[in-house]
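Protein chains: 2
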Amino acid sequence: MESVSFPLLSRVAICGGTHGNEMTGVYMMRHLQKEKIDKIGSVAVSTVLSNPRAVEVCRRYVETDLNRCFTEALLNSPVTDSTPYELRRAQELNAQIGPKGSKEAVDLLIDIHNTTSNMGLCLIFYSIDWFTLHILKYLQSKMTSVEVRAIQLDIPISEAYSLESVGKHGFAIEVGPQPNGVVRADIYNMVKEAVDHVFSWLQEFNSGSTFEEGEVEAYTLVKSIDYPRNPVTGEITAAIHSQLQDNDFKLLQRGDPIFLSFSGETVKYDDEDLYPFFVNECAYYEKKIAFHLARKIKLTLPPIKVTG
Amino acid sequence: MESVSFPLLSRVAICGGTHGNEMTGVYMMRHLQKEKIDKIGSVAVSTVLSNPRAVEVCRRYVETDLNRCFTEALLNSPVTDSTPYELRRAQELNAQIGPKGSKEAVDLLIDIHNTTSNMGLCLIFYSIDWFTLHILKYLQSKMTSVEVRAIQLDIPISEAYSLESVGKHGFAIEVGPQPNGVVRADIYNMVKEAVDHVFSWLQEFNSGSTFEEGEVEAYTLVKSIDYPRNPVTGEITAAIHSQLQDNDFKLLQRGDPIFLSFSGETVKYDDEDLYPFFVNECAYYEKKIAFHLARKIKLTLPPIKVTG
Chain A
1 MESVSFPLLS RVAICGGTHG NEMTGVYMMR HLQKEKIDKI GSVAVSTVLS NPRAVEVCRR
61 YVETDLNRCF TEALLNSPVT DSTPYELRRA QELNAQIGPK GSKEAVDLLI DIHNTTSNMG
121 LCLIFYSIDW FTLHILKYLQ SKMTSVEVRA IQLDIPISEA YSLESVGKHG FAIEVGPQPN
181 GVVRADIYNM VKEAVDHVFS WLQEFNSGST FEEGEVEAYT LVKSIDYPRN PVTGEITAAI
241 HSQLQDNDFK LLQRGDPIFL SFSGETVKYD DEDLYPFFVN ECAYYEKKIA FHLARKIKLT
301 LPPIKVTG
Chain B
1 MESVSFPLLS RVAICGGTHG NEMTGVYMMR HLQKEKIDKI GSVAVSTVLS NPRAVEVCRR
61 YVETDLNRCF TEALLNSPVT DSTPYELRRA QELNAQIGPK GSKEAVDLLI DIHNTTSNMG
121 LCLIFYSIDW FTLHILKYLQ SKMTSVEVRA IQLDIPISEA YSLESVGKHG FAIEVGPQPN
181 GVVRADIYNM VKEAVDHVFS WLQEFNSGST FEEGEVEAYT LVKSIDYPRN PVTGEITAAI
241 HSQLQDNDFK LLQRGDPIFL SFSGETVKYD DEDLYPFFVN ECAYYEKKIA FHLARKIKLT
301 LPPIKVTG
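So the sequence lines, in the order shown, correspond to chains A and B.
In terms of UniProt numbering, the first sequence opens at residue 1 and continues consecutively.
In terms of UniProt numbering, the second sequence opens at residue 1 and continues consecutively.
Keep in mind the hints are simulated off the structure, nothing from the lab.
Note that the Cβ used here is the ideal one computed from N, Cα and C, for glycine as well.
Do not rely on the hints blindly, as some may be mistaken.
[Stated by the list, open to error] With a straight-line cut-off of 20 angstroms between C-alpha atoms, the simulated DMTMM-like cross-links for lysine to aspartate or glutamate are: (1) LYS305(B) to GLU213(B); (2) LYS268(A) to GLU215(A); (3) LYS268(A) to ASP246(A); (4) LYS36(B) to GLU235(A); (5) LYS298(A) to ASP186(A); (6) LYS288(A) to ASP246(A); (7) LYS34(B) to GLU235(A); (8) LYS287(B) to GLU35(B); (9) LYS34(B) to ASP273(A); (10) LYS296(A) to ASP256(A); (11) LYS36(A) to ASP270(B); (12) LYS250(B) to ASP186(A); (13) LYS288(A) to GLU265(B); (14) LYS298(A) to ASP154(A); (15) LYS103(A) to GLU72(A); (16) LYS287(B) to ASP129(A); (17) LYS250(A) to GLU235(A); (18) LYS34(A) to GLU215(B); (19) LYS192(B) to GLU265(A); (20) LYS268(B) to ASP186(A); (21) LYS305(A) to GLU56(A); (22) LYS34(A) to GLU265(B); (23) LYS296(A) to GLU265(A); (24) LYS298(B) to GLU147(B); (25) LYS296(A) to GLU235(A); (26) LYS288(B) to GLU56(A); (27) LYS192(A) to GLU265(B); (28) LYS287(A) to GLU56(B); (29) LYS250(A) to ASP186(B).
[Stated by the list, open to error] Label pairs and their calculated CB-CB ranges: (30) GLU286(A) to LYS34(B): 53 to 61 angstroms; (31) VAL232(B) to GLU147(A): 35 to 43 angstroms; (32) ARG295(A) to ILE157(B): 42 to 50 angstroms.
[What the hints assert, rightly or not] So these bits of chain A aren't anywhere near chain B, every CB distance computed over 12 angstroms: (33) ARG30; (34) GLU35; (35) ARG53; (36) THR83; (37) GLN140; (38) THR220; (39) SER224; (40) GLU272.
Can you make the complete structure from the sequences, with help from the hints?
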């Protein structure tokens with residue numbers, strides 16, 4: 001396979017606290033800022049606490065979900081008196097580490113998230129980007145304590161709504177299970193290890209190493225399933241079934257139990273075989289998502305190296 | 001041992017949503033209210049969603065922690081324009097299912113809570129009350145899926161600050177781990193089973209059964225340990241160590257690691273052997289509690305039966 005080349009990397013942003021109650025990124029940003037980390041080898045590093053007001057009150061967001069504000073339309077919308085705090089902040093971040101889609105944007109943007117779902121460590125990304133996928137492959141080879149998975153959202157970059165879409169390359173690191181508002185040492189250390197490996201990879205890349213061709217698996221989002229709800233009040237009437245709870249990425253097949261109602265009835269799955277993820281994620285109750293379903297895909301990566 | 005007698009039980013309150021983001025009780029109250037459960041055998045049952053405004057926004061509380069408002073001093077304090085919502089609500093609940101310390105108060109008050117700590121199912125109570133302790137012993141004999149533990153807070157009832165202190169007898173059912181804002185079917189079913197057993201016990205008691213003498217263990221609170229903090233900003237500088245995380249009720253001994261700082265240093269325990277609980281409870285970050293420490297005690301129960 002012919003190798004693909006990318007320019008030297010000069011600027012990276014690492015972000016946390018995009019959701020103010022996802023504590024791994026919050027404490028990691030505070031730590032990196034206290035240690036005044038602004039350079040790793042030849043790469044300038046910006047550490048960004050994305051939503052300081054939400055962090056202050058330990059909530060996902062103050063007025064609207066910041067991590068849904070990074071579409072091109074929203075980033076370019078005029079600011080008025082009624083513009084929510086998070087949209088103003090998204091435009092501020094876009095000026096600071098973007099602008100999205102421009103040559104001034106950071107070369108790589110990593111955004112750290114937590115989930116209450118038992119998802120281990122996942123990279124979430126939009127387009128099929130050989131650069132991100134080579135980092136994934138590297139992390140899979142280096143991290144022995146956890147299975148590193150990849151989730152692909154098939155959305156054009158202009159409509160991509162989350163912070164990582166502002167970088168030339170970018171991904172979210174999504175790690176769980178961790179309750180909102182809580183920091184767990186095991187998860188903190190897992191993310192710290194992943195970030196250290198990413199920085200090692202960047203330095204190897206910049207120094208001219210070729211990363212050989214290979215294959216990776218990813219999960220591509222197919223659809224989302226809502227909780228059973230009371231049609232009048234909208235309140236949920238069933239919880240995720242114990243056989244699905246904590247079983248993210250285990251193939252769901254027709255007839256498998258998915259919900260248990262509060263009066264004791266089981267609801268079974270009745271569709272094609274797919275992989276559930278974000279099972280019982282706290283923040284998705286309001287988004288009407290009990291879990292997502294994905295198809296597994298295999299991607300063949302070309303070798304990559306730095307340009308010239 | 002001479003038997004102790006208590007009057008017939010005519011009225012019980014079961015409460016949930018005292019903390020608006022602890023979902024087991026919230027969904028259980030909604031379910032019981034939908035099913036119009038108001039009597040079990042000869043016992044009148046009040047189902048109470050304690051903090052509806054906090055439930056609505058899925059937060060622990062709106063203005064102040066409701067479950068710290070039930071001291072006699074606060075319940076009898078005058079209401080002014082600046083009285084927080086939760087203190088007004090506490091006085092309202094006290095009128096409805098109390099008043100605390102009066103003969104009108106419900107015979108038994110059960111308040112359902114969740115914790116992010118790995119505590120299994122615990123009954124929390126104030127004074128040494130043979131009635132509550134016999135229910136504990138009964139639950140321990142009936143529930144096979146979980147170890148049922150008891151936590152005693154040695155506080156005079158007039159200063160007892162939580163909702164269960166409003167009943168003639170009362171206890172909190174504290175169950176975890178469950179993230180705030182999330183309902184897990186396994187935990188919901190565990191609490192439902194416990195509540196069903198309590199109601200069976202009440203009916204056996206009212207029908208004249210004698211509950212024989214016996215022994216139970218309980219954990220009595222000794223002190224609380226805060227996180228290491230930055231002395232200037234007050235921000236925590238370490239997480240619970242992985243060896244302590246999820247190990248509630250496992251004896252902590254001198255030299256055991258308790259914290260891991262965000263720069264990698266381990267802090268060790270340096271005090272008498274005690275039992276940790278509420279390890280890494282989300283809501284206790286703001287209360288400056290990383291974990292509580294308890295001593296184990298053994299209590300010998302007299303036989304009990306209904307009066308007359």
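Hint check:
no.	hint	in the structure
1	LYS305(B) to GLU213(B)	11 angstroms, holds
2	LYS268(A) to GLU215(A)	34 angstroms, violated
3	LYS268(A) to ASP246(A)	17 angstroms, holds
4	LYS36(B) to GLU235(A)	17 angstroms, holds
5	LYS298(A) to ASP186(A)	30 angstroms, violated
6	LYS288(A) to ASP246(A)	19 angstroms, holds
7	LYS34(B) to GLU235(A)	12 angstroms, holds
8	LYS287(B) to GLU35(B)	37 angstroms, violated
9	LYS34(B) to ASP273(A)	35 angstroms, violated
10	LYS296(A) to ASP256(A)	19 angstroms, holds
11	LYS36(A) to ASP270(B)	32 angstroms, violated
12	LYS250(B) to ASP186(A)	19 angstroms, holds
13	LYS288(A) to GLU265(B)	41 angstroms, violated
14	LYS298(A) to ASP154(A)	15 angstroms, holds
15	LYS103(A) to GLU72(A)	15 angstroms, holds
16	LYS287(B) to ASP129(A)	45 angstroms, violated
17	LYS250(A) to GLU235(A)	28 angstroms, violated
18	LYS34(A) to GLU215(B)	53 angstroms, violated
19	LYS192(B) to GLU265(A)	14 angstroms, holds
20	LYS268(B) to ASP186(A)	17 angstroms, holds
21	LYS305(A) to GLU56(A)	42 angstroms, violated
22	LYS34(A) to GLU265(B)	16 angstroms, holds
23	LYS296(A) to GLU265(A)	31 angstroms, violated
24	LYS298(B) to GLU147(B)	16 angstroms, holds
25	LYS296(A) to GLU235(A)	32 angstroms, violated
26	LYS288(B) to GLU56(A)	16 angstroms, holds
27	LYS192(A) to GLU265(B)	14 angstroms, holds
28	LYS287(A) to GLU56(B)	15 angstroms, holds
29	LYS250(A) to ASP186(B)	19 angstroms, holds
30	GLU286(A) to LYS34(B): 53 to 61 angstroms	21 angstroms, violated
31	VAL232(B) to GLU147(A): 35 to 43 angstroms	40 angstroms, holds
32	ARG295(A) to ILE157(B): 42 to 50 angstroms	59 angstroms, violated
33	ARG30	6 angstroms, violated
34	GLU35	7 angstroms, violated
35	ARG53	16 angstroms, holds
36	THR83	22 angstroms, holds
37	GLN140	23 angstroms, holds
38	THR220	26 angstroms, holds
39	SER224	17 angstroms, holds
40	GLU272	24 angstroms, holds
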